[in-house]
Amino acid sequence: MVVGEITQERDLMIIGGGPGGYNAAIRAAQLGLNVTLVEQGELGGVCLNEGCIPSKVWTYAAKKQAELPHMKELGIDIESPSINLERLLNYKSQVTSQLQQGVQSLLKKNQIEVIHGTATFTGDYRIGVEKGHQFDHYIFNNAIIATGSRIIQPDYFPANSTRAFVSEEIFQLNEIPNHIIIIGFDYLALELVSTYQSFGSKVTLIIEDHEQLSIDQSIQKEIIRLFKKKKVHILKQSTIRLVEETKESITAYVKKGKEEQAITGSHLLVSGQRKPNVDSLGLDRLGVKQTVEGRILVNYKMESTVPSIYAVGDVTEGESLAVKAIKQGKVAAESIANENPEVDLTFLPLVAHTNPPIASVGLTEQEVKMHNIAYQVGQFNLGGNGYSLISGKKDGLIKVISDANTDIILGVHMVGEGAVELSSHFVQLLEMAAKIEDVTFPHFAHPSVNEGLLEAIEALMGQSIHTTPKQQSQVTT
Amino acid sequence: MLEVKLHDIGEGMTEGEIVHYFVKEGDTVTTDQPLVEVQTDKMVAELPSPGNGEIHEILIPIGETVQVGTTLIYIEGVGPSKSTQAKKPNDQTTIKPTQGLQQQRVQTTINRVLATPYTRKIARDHHIDIEKVSASDPSGRVTEEDVYQYINKSNNQPPTIESSEQPIKLELQQPKEQETIPFRGIRKTIANKMTQSIYTIPHVTHFDEINLTRLFHLREDLKKSGENISVSAFLLKALVMALKDFPIFNAQLDEENEQIILKKNYHIGLATDTDEGLVVPVLHNANQKSLRQIHQEIKSINNKAQNGGLQPRELQGSTFTMSNVGPLGSTGATPIINYPETALIAFHKTRKMPVFNEHEEIVVGHMMNVSMSFDHRVADGATAVAFTNRLASLIENPNNLMLELV
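Residue numbers (the UniProt record's numbering), protein chains in the order written: chain A, 1 to 477; chain B, 1 to 406.
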């Protein structure tokens, strides 16, 4: 140990280089701050390396594969298609490493210092970073905690399992399961049902009692119907009592009401709960307030209860979604640079890259009912859309909920090809507090899936062109 | 579960401040039992229970100002409810706090105020809570203009100190040299109205004196015949007549639509001092009432103002305000106009003064000063002087009042 400590000074220290952290870092640099980012693993975080991005490689491959039968109709003959998982895994590594390099190079070009190590707060304005045998001290004006979250194994998980996976762990699996049992009802569970069904696995989806997807019932029903059509076995309102693993198989004992059944598959996936990565940060000493689960309490500017410390992403309350972390990261940086931003999660789009995909923004029909809002529903089935017919993707619907008194759009929900891309349009309508006329007045490209949104809105007035009079405008008050 | 909402108690009311709860969580209540006291524009109202049940939750803390439509209390109901109001998304609450991290936690609310992201930004940049801005759009959307209007209004109020630093605790070492009075209720309403008026209206006040000698003689004569009509009633009557000749002072400036609205009704506000503070009950359709009626009504209004029995209707709709401060004293003032009216007149103390009569003799005159404030955007000084001249001539020659009999 050297006599005395050398302490370095920094404007802004960011702990964690996932989407929340690196977006915060770049925005802060753009606003003239001197930024240091500490990452203990790999840049890009869970999202880029294990979660969102790998899962989209999977869903994209599955989507392409599902299009093959339609290729034949289009006159494109492809000889005996098959899926080569090794090449897919390679492709995934290629994509993630390319994105990672992109982040690295952006950080560098924005003159952001990146330190690989583990950070621990030693005071309201002090942080220590451990890198192997080295322990460096820093003094900062502000810090942003963006350390993310990690999966928790459910109690019923077999020890040292090779057949059971939690959430993003599944993307390390190098074989296509013969029969995969998927437990959960979040976006990841739904995406994996779609994916493995396309890859040719037998799929059983178990939706536990407590599982609730906060998207509209009509959309849930439609996706479940489409899953069933593709021979996915679905068990609702169940409880997992026990999971047992043998060398050849894995069995889930599922209770539904009084009955119990054993479902045996080759692999099992739980899209499980997550907990925030806060243990090594030393937050309790600082008085940073946290929930019982350890999530950091922040306000709409991302300030924690300690004025110099901000937090963004999964370490804060709310859904574990990169879209939230990205926004919060930018807002934290802007707050620190004395701008005046705000995070408001009211119209956070919920999407799933299922086949067909799902997007949901704003109030659901169940919510407007619960709040006694006089409302109208307009629905359009994509079967009536020209482009959906051309692309062979006629499954799905768009559902719009409006306020019956003011015509203001309250929620837009879609299952069907194009849902994820259209979701920005939905969010925009809601943020601008648009009325029916605000959607029917503009032009919609033809032919395109966009027109589906127009027709769903027109259906609110019983004026969707490609819907029979009987099917449209259910006025409810 | 029954919801108790702040509903529109009087015409045009948009918000109210929670002054007092008569109940607490867990209390059993019956239909029509008073639950909460709400201070609205110069009036305190009680909201009754819509049904029988138990108080489940009180949502809005005392002192908070909320919009009409806000849910105040949840009652776990038993038996049928009296009213269920459809909840619209623009029934905004002001629960979103501006201070206190605990309540500011990241959360979404179904009741978020409707406004575009840009409008929200304007509100943030001016440190105002957009949830508190009322919407001019009937659909409940808060526009840029609404926010700017709110900013203009609240600019006149003391700024709230926004600081994340701990307040320095010095009180402990210092002897208690001051006491604090809660700044809410009628006091705060008065403050808001006054600042709104003084910062919106370019005020001009001019003074004049009026000789009441003849009016006093007339009153004496009437008294002998058994009719007791107060000076106030005469002043009010004369005022209405003068206003008829100068309609520009019985008017309201509508800046938005670039017009001045001349009111055809003569609803005269009577500035009245009460134990609670200043209230302005209104004598409606004064032009259609006889002196005797006016006398009676002034008496009755005064009485109600002192005893807190004024109905919301009796506090609304004035087109011109008169402040008879004479009985209290004073010889002059620069009164603040009762926004959005155009003018206000104050009548001061009547004193015996030496005056010249028509024969150039010095005699005793009963002289009263008047102060008249008017909106210089709407009228000019010459018109205002002509108006008070007309008023003075009517009061000084009360026989002329007869000429105005319909």
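A hint or two may mislead.
[As the list claims (entries may be wrong)] In silico BS3-like cross-links for lysine-lysine, where the CA-CA straight-line distance does not exceed 27 Å:
hint, chain 1, residue 1, chain 2, residue 2
1, A, 301, B, 193
2, A, 369, B, 153
3, A, 301, B, 188
[Claimed, not checked] If the Cβ cut is set under 10 Å, some of the chain A residues that face chain B in the computed set are:
hint, residue
4, 130
5, 133
6, 134
7, 136
8, 137
9, 141
10, 173
11, 175
12, 341
13, 344
14, 347
15, 386
16, 406
17, 407
[What the hints assert, rightly or not] Computed from the model, here is a short list of chain A residues facing chain B with C-beta under 10 Å:
hint, residue
18, 106
19, 110
20, 113
21, 117
22, 279
23, 280
24, 342
25, 346
26, 371
27, 432
28, 435
In short, the hints are calculated from the structure, not lab data. C-beta atoms are modelled at their ideal positions from N, C-alpha and C, and glycine is treated no differently.
Cross-check of the supplied hints:
1. A:301 / B:193: violated, 33 Å
2. A:369 / B:153: Roughly 37 Å separates the two Cα atoms, so the pair is violated.
3. A:301 / B:188: Roughly 31 Å separates the two Cα atoms, so the pair is violated.
4. 130: violated, 30 Å
5. 133: With Cβ-Cβ at 38 Å, over 10 Å, it is violated.
6. 134: violated, 34 Å
7. 136: violated, 28 Å
8. 137: violated, 25 Å
9. 141: violated, 14 Å
10. 173: Since chain B brings no Cβ nearer than about 34 Å to residue 173 of chain A, farther than 10 Å, the hint is violated.
11. 175: Given a least distance of 40 Å, the restraint on residue 175 of chain A is violated.
12. 341: It holds, given that the least Cβ distance between residue 341 of chain A and chain B is near 8 Å, below 10 Å.
13. 344: Holds - the Cβ of residue 344 of chain A comes within 10 Å of chain B, reaching about 7 Å at its closest.
14. 347: With a minimum Cβ separation of about 8 Å from chain B (threshold 10 Å), the hint on residue 347 of chain A holds.
15. 386: The hint is violated - residue 386 of chain A has no Cβ within 10 Å of chain B, the shortest such distance being about 33 Å.
16. 406: Hint holds; residue 406 of chain A Cβ to chain B Cβ min 4 Å, cut 10 Å.
17. 407: holds, 7 Å
18. 106: violated, 26 Å
19. 110: violated, 25 Å
20. 113: The hint is violated - residue 113 of chain A has no Cβ within 10 Å of chain B, the shortest such distance being about 27 Å.
21. 117: Result: violated, 29 Å to nearest chain B Cβ.
22. 279: violated, 22 Å
23. 280: violated, 23 Å
24. 342: With a closest approach of 6 Å, the residue 342 of chain A hint holds.
25. 346: holds, 4 Å
26. 371: OK, holds: residue 371 of chain A within 10 Å of chain B, min 5 Å.
27. 432: holds, 5 Å
28. 435: Holds - the Cβ of residue 435 of chain A comes within 10 Å of chain B, reaching about 7 Å at its closest.
Of the numbered hints listed earlier, those contradicted by the structure are 1, 2, 3, 4, 5, 6, 7, 8, 9, 10, 11, 15, 18, 19, 20, 21, 22 and 23.
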